[in-house]
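Asks: Sequence:
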Amino acid sequence: MADYIIVGAGPAGCVLANRLSEDPSNSVLLLEAGGKDWHPYIHMPAGFAKMTKGIASWGWSTVPQRNMKDRVFWYTQAKVVGGGSSINAQIYTRGNARDYDAWEKDEGLAGWGYRDVLPYFKRAENNQRFANDFHGDQGPLGVSNPISPLPICEAYFRAGQEMGIPFNPDFNGASQEGVGYYQLTQKNARRSSASVAYLKPIGTRKNLTVRTDVLVTRIVVEKGRAIGVEVVDRPGGEKTILRAEREVIVSSGAIGSPKLLMQSGIGPADHLKSVGVTPVHDLPGVGSNMQDHLDLFVIAECTGDHTYDNYAKLHRTLWAGLQYLLLKKGPVASSLFETGGFWYADPTAASPDIQFHLGLGSGIEAGVEKLNNPGVTLNSAFLRPRSRGTVRLKSADPADHPLIDPNYWSDPYDRDMSIKGLRLAREIMRQKALQPYVLREVLPGPNLQNDAELFDYACRTSKTDHHPVGTCRMGHDAMAVVTPDLRLRGIDGLRVCDASVMPRVPSSNTNAPTIMVGEKGADLILGREPLPPAVFKGNQAA
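Residue numbers are given in full-length UniProt numbering: position 114 of the sequence shown equals residue 114, and the series is strictly consecutive.
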């Protein structure tokens, strides 16, 4: 028996395990379906490119996307200690101040405005460059600037400025808009995952137990209260009930958390009955409100050896490995997407609605046709989709994959803005500053120009940015799953704390916001006074 059982050792789960066990009188059990973060690719920054192909992931895909010609998307979700923070591209962005102010003002979530959450971002952060109103340097999470940028990155900045997009040295500071280097969750040229930052330093705590390779099959509810979880530690193994004295905290991510709740009979009753699950608590919002960022990209062939593509050759790979081991520099120390920016597809938007990632190679994650020279990629993602999707059960079997439906482009506005973002990316790549580096556009290709052609291209080639949120959202209405203090509505002793509680997807990558949710959630669970609201200057003071 433990006081707190945390289901899922992703970014928020690792934070909770650390913060809840700071008090030695609290016993904490952290359960993870995946294994330990032993694989060397996890800790090498460039290793993330291998992760999207299935290492340390569940191997899930979406249902056919009916608004994108029934395209099925590979949907990498982490199955390892550290969760997404162990397999992502390590980009540290938080979103725009207006994102969180909208949570507070439009969704009625008192205490979740930007001035309220900024102190939790800062508490998490051990920033190697900044210590100011927007950044902390005493937290566990390593945050640093890129170690081995290439000259093409600087040319990209000049190209942006030629289009009127300013250079921005800090996307998480006083202003979000512009082009620049991303800060990364790295420290000493190694990935700073939530596991490395929050679990590794406290491995000797007697009141914390971390169990891996344990599948939680359901939350056990008795008389309207969650009293524990049912687990199996191997396929076909015996089921065991582990009891929680105080609370069960579900922290399995925007796909895993609603899946577990529904397996437990908590969710939309009609759906549960249709797959053979006996309803325990009819909560219609579970698994609804799914949001994600869809990624469209331009790939160009370079005029010479300006990116990392040639390091795929054996002798270059060996040299890169030695360079990393001896000097902590070179392509292995790169996240490969460490340059980017934020700008506008909709000129009437109050804050940037397009995010760019400059990839130092051609099709780093998915691969493209062979080029004569190395290639470069510029990804664009529309940041505030209006489309809403679902997560549903395929059957009552916990081992079955969930039915993941992001419902991309069900709102035509998302499609239109995404294609405008793709056009912006093409325009950047054609600027004078990049001409010494860029030979020709390969994808979409010069023959594709009108919206119908670019729509077809997107349906064939686009990919998820792996930013699902919202499927157990906070709120006060009938479709809300948790209250603003993360308590599950209608069942005592049960909370959800991860990206699934976000009512709207932040205008950024989602790792840092999820860690923030874990930090704030820990204070809520422990009944602590919230950190004092932030005081700062700048146009993030929305």
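Please note: incorrect hints may appear among the correct ones.
Below, a list of computed lysine-lysine pairs in the DSBU-like style, where the Cα atoms sit at most 30 Å apart [said to hold, decoys possible]:
hint: 1; residue 1: 187; residue 2: 328
hint: 2; residue 1: 69; residue 2: 420
hint: 3; residue 1: 200; residue 2: 36
hint: 4; residue 1: 187; residue 2: 50
Treat the hints as calculated values from the structure; they're not laboratory data.
Since this is a predicted model, take the numbers as computed values, not measurements.
Asks: Against this structure, judge whether each hint is valid.
Replies: Each hint tested on the structure:
1. 187 to 328: With a Cα-Cα distance of about 11 Å, the restraint between residue 187 and residue 328 holds, given a limit of 30 Å.
2. 69 to 420: Given pair residue 69, residue 420 holds - Cα atoms ~20 Å apart, limit 30 Å.
3. 200 to 36: holds (11 Å)
4. 187 to 50: Since the Cα atoms of residue 187 and residue 50 sit roughly 20 Å apart, the hinted pair holds (cutoff 30 Å).
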